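Read in order, the letters of the sequence shown are residues -25 to -1, 1 to 277 in mature numbering (1 follows the signal peptide of the UniProt record, and there is no 0).
Mixed in with the good hints, there may be bad ones.
[What the hints assert, rightly or not] Distance windows between CB atoms, simulated:
#  : residue 1 : residue 2 : range
1  : S136      : D212      : 24 to 32 Å
2  : S136      : S179      : 35 to 43 Å
3  : D53       : R138      : 26 to 34 Å
4  : D53       : T240      : 28 to 36 Å
5  : N204      : K76       : 28 to 36 Å
6  : N227      : L143      : 42 to 50 Å
7  : K37       : Y226      : 26 to 34 Å
8  : S132      : P48       : 42 to 50 Å
9  : Y206      : L143      : 43 to 51 Å
10 : I142      : P207      : 47 to 55 Å
11 : N9        : I142      : 29 to 37 Å
12 : S100      : N189      : 28 to 36 Å
13 : P74       : V202      : 36 to 44 Å
The set of hints was computed from the structure by calculation and includes no laboratory data. Since we're looking at a predicted model, the values are computed, not measured. Built from N, CA and C at the ideal position, the CB exists for glycine as well.
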Amino acid sequence: MKLKRSFITLLPFISLIFLPSLVSSQACQRSCGNLPIKYPFGTGPGCGDARFQQYVTCDQQKLTLTTHTGNYPITNIDYSNQVIYISDPSMSTCACSQPSKGFGLDWDAPFSFTDDNVFTLLDCSTTSSPIFRSNSYNVDNSSAVPLCDKQGAPICSYLYSCRAISILNLPISTCCVYTPVDLGPSFELNLQKLQCSSYSGFYSFSGQESNPDNWKYGISLKYKFNVYNDYPNSCADCEKSDGACGYTGTYNSFICNCPNGINTTSTCFFVSSFSNGLRLLPLQTGTLFIYSLAWILAMVLL
C-alpha cells in the first residue's frame, strides 16, 4: 500500500521530467481541397516524404508544385501510375493566348516528364529564334539538331483553328512542336532563350485529336518513391491503420501520424486503442512509451 502511494506521488514528477519532449503536433491532413493526399505527398512539415516537401505544398486547401520558374496548381494525382498533373496559368490554350516565360524542373526535383507531354512553341521570332536556325547547317557542314518535330504540323494546324491563337496573326510556320521532351529533369522550356513569347502544352487529346477545345492542357509529371521505386512497407501498414506517413528528426526517420496527432514508429492500431482508455496530449513516440509504461504500472499497483 505504501509502495502504491509512493508511485502515485512520483507520477506527476515523472511527467514533468518528460514534459519538454511533448509535441503539440497537428495531424497530417488526408486531403487538400478536393484532392486526396497519400504518400509521398503531405500537407505540411513532417508529412509525406521529406524529398517532396519543398516542391509540393498545401496552402489554403490548394495543392501546388513549386519550381524555379514559378508556382503551378496541381489539378489531379494518379497514384496508381505515380503521375501528377499541373496547370500553368500563363500557358496558352485554345481558349486563351498570353505571354509566358515557360516552364522548367529543378535539376534535383524527384520528378520527370511523362511521354504523354506535347509542347508547342508559339509566336517565335523568325529572325533570331534557334528553332529556325536549327534547320540550317553549321560552319562545319554538320546538320544542327532539330528542335521542331516535322510530324507535328497537324497539331499546329489544329491549334491555329482556335480563335485565341489565330489572332496572333502569324504564319503557321511559327508554331513548333518542341521535341526535346525526353531529357528528364534537365529539360527546360526557356522561352526567352528560344525567342518565343508563348507556349502551349497538353498531355491528352481526350480522344478528339481534331478538336483542340477538348484537349487536356497542362503538364504531366512522373514521380518515384525511391531509387528502386518500392512503396515502403512501413508506410503501407501505417495507411492501413488510418495513419498518414511522415518523417521526423535529423535523419528524416519514418513516423506514422495518427488522426489524433500522436506519432508512432509503427501503426495507429495501438494508439487508437490506448487513447480510448486514456486521453493524452499528442506526444512523440519515446514519451508515449514512458506514459504507457507508467499507466500500466499504475493499474497493476492499484
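Tested hints:
1. Under the hint 24 to 32 Å, the C-beta atoms of S136 and D212, about 53 Å apart, miss the expected range.
2. Checked against the hint of 35 to 43 Å, the C-beta distance between S136 and S179 comes to roughly 18 Å, which is inconsistent with it.
3. Judged by the Cβ atoms, the range 26 to 34 Å given for D53 and R138 holds: they are separated by roughly 32 Å.
4. In this structure the hint that D53 and T240 lie 28 to 36 Å apart at CB holds, the actual value being about 30 Å.
5. Checked against the hint of 28 to 36 Å, the pair N204 and K76 passes, with Cβ atoms roughly 32 Å apart.
6. In this structure the supplied range 42 to 50 Å holds for N227 paired with L143, their Cβ-Cβ distance being about 48 Å.
7. At about 31 Å, the beta-carbon gap between K37 and Y226 stays in the expected band of 26 to 34 Å.
8. The hint said 42 to 50 Å for the Cβ distance between S132 and P48, and at roughly 29 Å that hint is violated.
9. Distance hint check for Y206 and L143: the Cβ-Cβ separation is about 46 Å, which falls inside the suggested range of 43 to 51 Å.
10. The hint said 47 to 55 Å for the Cβ distance between I142 and P207, and at roughly 51 Å that hint holds.
11. Separated by about 34 Å at the C-beta atoms, N9 and I142 satisfy the suggested range of 29 to 37 Å.
12. Checking the proposed 28 to 36 Å range against S100 and N189 shows it holds: the Cβ atoms sit about 31 Å from each other.
13. Taken as a hint, the range 36 to 44 Å holds for the pair P74 and V202, whose Cβ atoms sit roughly 39 Å apart.
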